[in-house]
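Listed in order, the protein sequences are those of chains A and B.
In case it helps, numbering that gives the first Met the number 0 puts the first sequence at residues 0 to 406.
In case it helps, numbering that gives the first Met the number 0 puts the second sequence at residues 0 to 406.
Hints in this document: simulated from the structure, not taken from any laboratory.
Think of the CB as a built atom: it goes at the ideal place given N, C-alpha and C, for glycine as much as any other residue.
Be aware that a few hints might be false.
To be verified - Stretches of chain A that chain B covers, calculated by requiring three or more beta carbons in the stretch to come under 8 Å of a beta carbon on chain B: (1) 46–52; (2) 60–74; (3) 108–120; (4) 131–144; (5) 246–258; (6) 281–293.
Protein chains: 2
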Amino acid sequence: MTVNEPAQASAWEPRYARRAKRMAASEIRELLKVVDQPGVLSFAGGIPDPALFPVEEAKAAYAAVLGASSGALQYSVSEGYQPLRHWIAAHMDTLGVRCDAHNIVITCGSQQALEFLGRLLLSPGDTALVTAPTYLGALQAFSGSEPRYDELHPENSNRTPASYADAARSAGGDVKLAYVVPSFANPTGATLSLGARERLLDLAGELDIPIIEDAAYAMLRFAGEPLPSLMALEIARRGGIEHSRVVYCGTFSKVLAPGLRVGWIAGCKALVRRLVLIKQASDLNSATINQMVMHRLAEAAFDAQADRARAHYRRRRDWLLAALQRHMPAGVTWTRPAGGLFAWVTLPKGIDAATLLQRSLREAGVAFVPGGAFFFDGRGHNTLRLSYSLPDEAEIERGIASLARLL
Amino acid sequence: MTVNEPAQASAWEPRYARRAKRMAASEIRELLKVVDQPGVLSFAGGIPDPALFPVEEAKAAYAAVLGASSGALQYSVSEGYQPLRHWIAAHMDTLGVRCDAHNIVITCGSQQALEFLGRLLLSPGDTALVTAPTYLGALQAFSGSEPRYDELHPENSNRTPASYADAARSAGGDVKLAYVVPSFANPTGATLSLGARERLLDLAGELDIPIIEDAAYAMLRFAGEPLPSLMALEIARRGGIEHSRVVYCGTFSKVLAPGLRVGWIAGCKALVRRLVLIKQASDLNSATINQMVMHRLAEAAFDAQADRARAHYRRRRDWLLAALQRHMPAGVTWTRPAGGLFAWVTLPKGIDAATLLQRSLREAGVAFVPGGAFFFDGRGHNTLRLSYSLPDEAEIERGIASLARLL
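So here's chain A without its partners, still in its complex pose (with noise of 0.2 Å):
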């Protein structure tokens, strides 16, 4: 994106762009391609491994709807294809939410959920309530709208409701929202136990504030019983998705492809209509075609397809944890995810991630996303994030040798 490019002042940058210098934070994400090169063993991207994408399924069902009618070409309404929103409802209920097509948005993935949801709730100044690492794409989502930042402590608290409200006065707005991966989180793996669930509602009633909860990766769990999700709690708590603070963003992203651009959010049906009309201002509706083919897929192989994920990652990650516990020095720790495709690796203070990852690169063509980039406040240099979606085991294993070997 950068390359070529003329090294002259441009009209565009001080007088006409002054919003422009918030999104600059964004900038890192384009670390993110450089590492993914090829001829690089990447641990970086967070994506999907392509290896599960159902091909086959999604060259049938394009064929089969644009077999069926010309309208998966044109224009259609902005709160998306009615039957996709139906099976979502229905999906959402057998997770605990009980709602229906008209408490669902469709969105072009989760991340423009994020964004639809800054923009509404949040203004220059206000404080969002986020945990420290979180999903820099929440960040930047949220970023244009120029809000302050203050930390969420889900697991040990030490922060009163009163704390943070105090401290978003004094910074001239208010808490308007919090947000959470509660499942096998980007970037941590880290999953919130039920009791810092109930904590987090209980914060949220008493500021009575909304969360965000965003559960891209809520499907990949390798053993155990699933936590209940925040909505559905919230739910139980306060009778239906009406009275619900908690606001759910899904996708089909990882599950059964990131390509179509599907997602959704689901919320009582105030805030809906009010997201659709943002969504009609924003692009006038998510592609018909692909969400016509994302209700066949969805139908046809949702379940299979995150069976298939689960025990493919789940491998992945065995194969990770293991080369992680064969090669590195003492001092250095790491996360053990119940789900999703990351793990988190400590390394001993003082060891800065970014400049490992040159080195890394350098000299064993070797990627990884350094850690600071996921918090709002620039710490954590000696953090750094691990993506298992992609690499074999031998190349898990190779890479992980030579991390170990730079350390």
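Following the hints, position chain B against chain A.
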């Protein structure tokens, strides 16, 4: 969308969604759904005729890209699919705009282009210059940034640049952009003369503001030589796209198909870099598979489809103009579009088009869009938009005769 909804107050309304109110104007778009019901003869929706969609070509293209690699189902770069950006750059070259792929960012239709540009350029209280009437979707896209609007009079301006700047400053902001649909505009069907185009560039130069050129209908000229785009004129003045104040928003929606949601922005590289970061934060990337398919469709069928569309819509425009001529009473006037999908009707003063619509739906089952929706300041009660893209000759005859009878 608003069906079956409990009439209960929601926590989201007053407290959380303090930004939501500005979206309320968008509710007018709901009208377009109401009037596009089966059984209603509709001149309302500004959508292409699905009879023109390249369904067989699309079927072949989806099969081909899914046959070639599973990459079509994967995430991809935020700036867009490189071969498609190259095709677009070459297409822009045929329109007198020399540029390369680094001047292009792919968006989800040109609606997303407008929303991104509004978000990048406008802060609350800033002024956006628009014609009155103008494209409703642009007002919605910009309104999330809470601008003030001021009116462009491109054909017969009696306003000095200073008068715009002064008005903006006394309203507490600056003039930050001008937005126009120079050719076959939505909603009027009007096309700016060469003189008006040059005067717009003069104005933008004196105010030192960007012009957003919405070229959604530019390929749908029915007769005569195309006028140069604003961007081509600006490049001729200023020596290259890197110095252009004009930003060009293009789309495949009107020539190929809108259901894939593929449009683009062409601009100087500094701007495109900013927009790529906004794209990344907003939805990561437009659907990979649709970009690959659109590239194949554009390569194979763009010119032939544009020819088909021009012939098709010209015929319908002719039917519409003939029917208006035949039936409309004295005192009713209308535009004679040289391209695009719309004609604009002005009723005698005192006749309210919204009231007429209610009667027309009830008594004749005929729909159109009352013109007031397209004015930022609520003028235009005695105007209406007729889209001739969908009804056939007999329907046009019957619909216009019915409207005329009601008048």
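Against the structure, the hints:
1. For the stretch 46–52 of chain A, the assignment as covered by chain B holds, since 5 residues bring a beta-carbon within under 8 Å of that chain's beta-carbons and 3 suffice.
2. Only when three residues or more bring their CB closer than 8 Å to a CB of chain B does the claim for the stretch 60–74 of chain A stand; here the count is 10, and the claim holds.
3. Counting residues of the stretch 108–120 of chain A whose CB lies closer than 8 Å to any CB of chain B gives 7, so the stated coverage by that chain holds, three being the minimum.
4. Judged by the Cβ-Cβ criterion of 8 Å, the stretch 131–144 of chain A is covered by chain B as claimed, because 5 of its residues qualify and three suffice.
5. Remark: the stretch 246–258 of chain A is confirmed as covered by chain B, as 4 of its residues place a Cβ nearer than 8 Å to a Cβ of that chain, reaching the required three.
6. Coverage of the stretch 281–293 of chain A by chain B holds [criterion: at least 3 residues with CB-CB distance below 8 Å; count 9].
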